[in-house]
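For chain A, the structure is supplied; the task is to place chain B on it using the hints.
Listed below are the residues making up each chain.
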Amino acid sequence: MTETTSAGRETAICETPAAEKKAWATTWLGALGALALTSCCILPLVLVSFGVTGVFIAQLGVLYQYKWITFALSAAFIGYGFYKAYRPIPAAVCADGTCARPMNRTLMRSILWVATAIVAVAMIFPYLTPYLLSY
Amino acid sequence: MKSLHLALAVVGTLATFPASAAEQRINIGVGELTCPTCSYTVAAAMRGVPSVEIIDFTEGEEFGTGTYIVAFDDEAADQDMIVEAIRATGYPADIVESGDS
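Chains A and B supply the protein sequences, listed in that same order. Those letters in the first sequence? Residues 1 to 135, per this note's numbering, in order. Those letters in the second sequence? Residues 1 to 101, per this note's numbering, in order.
Certain hints may be false.
[To be verified] Pulled from the structure, derived: some chain A residues nowhere near chain B, Cβ distances all over 10 Å:
1) P17
2) W24
3) W28
4) L29
5) S49
6) I57
7) A72
8) G79
9) F82
10) R87
11) S110
12) W113
13) I118
14) A120
[Stated by the list, open to error] Short, incomplete list of chain B residues facing chain A, as computed with Cβ under 7 Å:
15) G31
16) T34
17) T37
18) T41
19) A43
20) I54
21) F57
22) F63
23) T65
24) A88
25) G90
26) Y91
I should point out that these hints are in silico values taken from the structure, not numbers from a laboratory. The C-beta atom is built at its ideal place from N, Cα and C for all residues, glycine as well.
If we strip away everything but chain B, and leave its shape as in the complex, we get:
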């Protein structure tokens, strides 16, 4: 019983500390989105990278462009992995500053 209390105390203590991995958010600008499902295809390619979540997608002013807001765990992935996952499907992609399109 004493060891159970000790184990619960340890678990409780660990739970109060934030995980060392941090969530990162980046904006990725993608081009050549020339079909209605292209933006979903690119999103599916990004989700192939571990921990990636698509927070939002907005179409750009220019036809075929769009910006994704992407969240990921910096221990599981990095921004280059995500951009490369998009480029591997043939779509041009780059990190953009928020506010750029």
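Same shape as in the complex, but just chain A:
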């Protein structure tokens, strides 16, 4: 029960429910980490530009000092997620057609790539701010 892409990589893989849960948890934690990285700098600017105000805006800015910790955690989660999403499937697995619940890796890969893009933008944006924005 495996689908095969043109590149020959299966997009569905048999996992035990526990392993599948772990892979998805890692993926979502990576995505959450990516959002957390945007929350110090990009998010407050966007919110204020749209007229949203509140004391929390300044509190979000304080998160900038934890940028490297957040980056390390999200990179670790995303890295592990990529390993689970792209690792080659042993030939014997699913060969007998016993794979009852194949894990869909296409969605997982999409989430991981989007999270990676958000992390990259969130890390680069503060350094580009003086060139992109004006007072």
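Relative to the frame of chain A, chain B by itself:
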């Protein structure tokens, strides 16, 4: 045609007089600017007040502080409105004399 000339004369006369509203300039000191985009976030909050324009921003000697030179129309806004707009986003702000930081 005569009325058109009259209307143009009136418009021309009005244009020669300065508007009654006056542009004011103040310096606002802001703290807790701890991230690279914080100063832009504060600027965006100030621009939410009608007629406000940010003329300049200089970082203070102490980390996380900065001073904005802000221009506004005193008929559309006052300095308390601008300071309150900043404080509403959680950043401490006060009017400072020029030269203070």
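We went through each hint and held it up to the structure:
A cut-off of 10 Å between C-beta atoms confirms that P17/A is not in contact with chain B; the least separation is 41 Å. Every C-beta of chain B lies more than 10 Å from that of W24/A, the closest at about 32 Å, which supports listing it as non-interface. Against chain B, the non-interface label of W28/A holds: every CB pair exceeds 10 Å, the least being about 26 Å. No Cβ of chain B approaches the Cβ of L29/A within 10 Å, the least distance being about 23 Å, so the stated non-interface status holds.
At the 10 Å boundary, the C-beta of S49/A falls inside the reach of chain B, the nearest C-beta of that chain being 5 Å off. Distance check for I57/A against chain B: the nearest CB is about 4 Å away, which does not clear 10 Å, and the non-interface claim fails. The Cβ of A72/A sits about 18 Å from the closest Cβ of chain B, beyond the 10 Å cut-off, so the non-interface label holds. With a closest Cβ-Cβ approach of about 26 Å to chain B, G79/A is found to remain outside the 10 Å limit, as its non-interface label requires.
At roughly 28 Å from the closest C-beta of chain B, the C-beta of F82/A stays outside 10 Å, upholding its exclusion from the interface. No Cβ of chain B approaches the Cβ of R87/A within 10 Å, the least distance being about 37 Å, so the stated non-interface status holds. Every beta carbon of chain B lies more than 10 Å from that of S110/A, the smallest distance being close to 28 Å; the non-interface claim holds. Interface exclusion of W113/A from chain B stands, the closest Cβ pair being 25 Å apart, more than 10 Å.
Once the 10 Å rule is applied to beta carbons, I118/A is consistent with being away from chain B; the minimum gap is 16 Å. No Cβ of chain B comes within 10 Å of the Cβ of A120/A; the nearest lies about 16 Å off, and the non-interface call holds. Annotation: interface hint on G31/B violated; nearest CB of chain A at approximately 9 Å, more than 7 Å. Because the closest C-beta pair between T34/B and chain A is about 6 Å apart, less than 7 Å, the hint holds.
For the restraint placing T37/B at the interface with chain A, the shortest Cβ-Cβ distance is roughly 4 Å, inside the 7 Å limit, so the hint holds. Proximity of T41/B to chain A holds as hinted, the smallest CB-CB distance being about 5 Å (cut-off 7 Å). Interface hint status for A43/B: upheld, as the beta-carbon distance to the closest one in chain A is roughly 5 Å, under 7 Å. Using the Cβ-Cβ criterion of 7 Å, the hint placing I54/B at the interface with chain A is satisfied: the shortest such distance is roughly 4 Å.
The closest approach between the C-beta of F57/B and any C-beta of chain A is roughly 5 Å, which is under the 7 Å cut-off, so the hint is satisfied. This hint is violated: F63/B has a C-beta 11 Å from the nearest C-beta of chain A, more than the 7 Å allowed. Violation of the interface hint for T65/B is found here, the shortest Cβ-Cβ separation to chain A being roughly 13 Å, above the 7 Å cut-off. The beta carbon of A88/B comes within 5 Å of a beta carbon in chain A, closer than 7 Å, and the hint placing it at the interface holds.
Given the 7 Å rule on beta carbons, the hint for G90/B holds: about 3 Å separates it from the nearest Cβ of chain A. For Y91/B, the suggested interface contact is upheld, since its CB lies about 5 Å from the closest CB of chain A, less than 7 Å.
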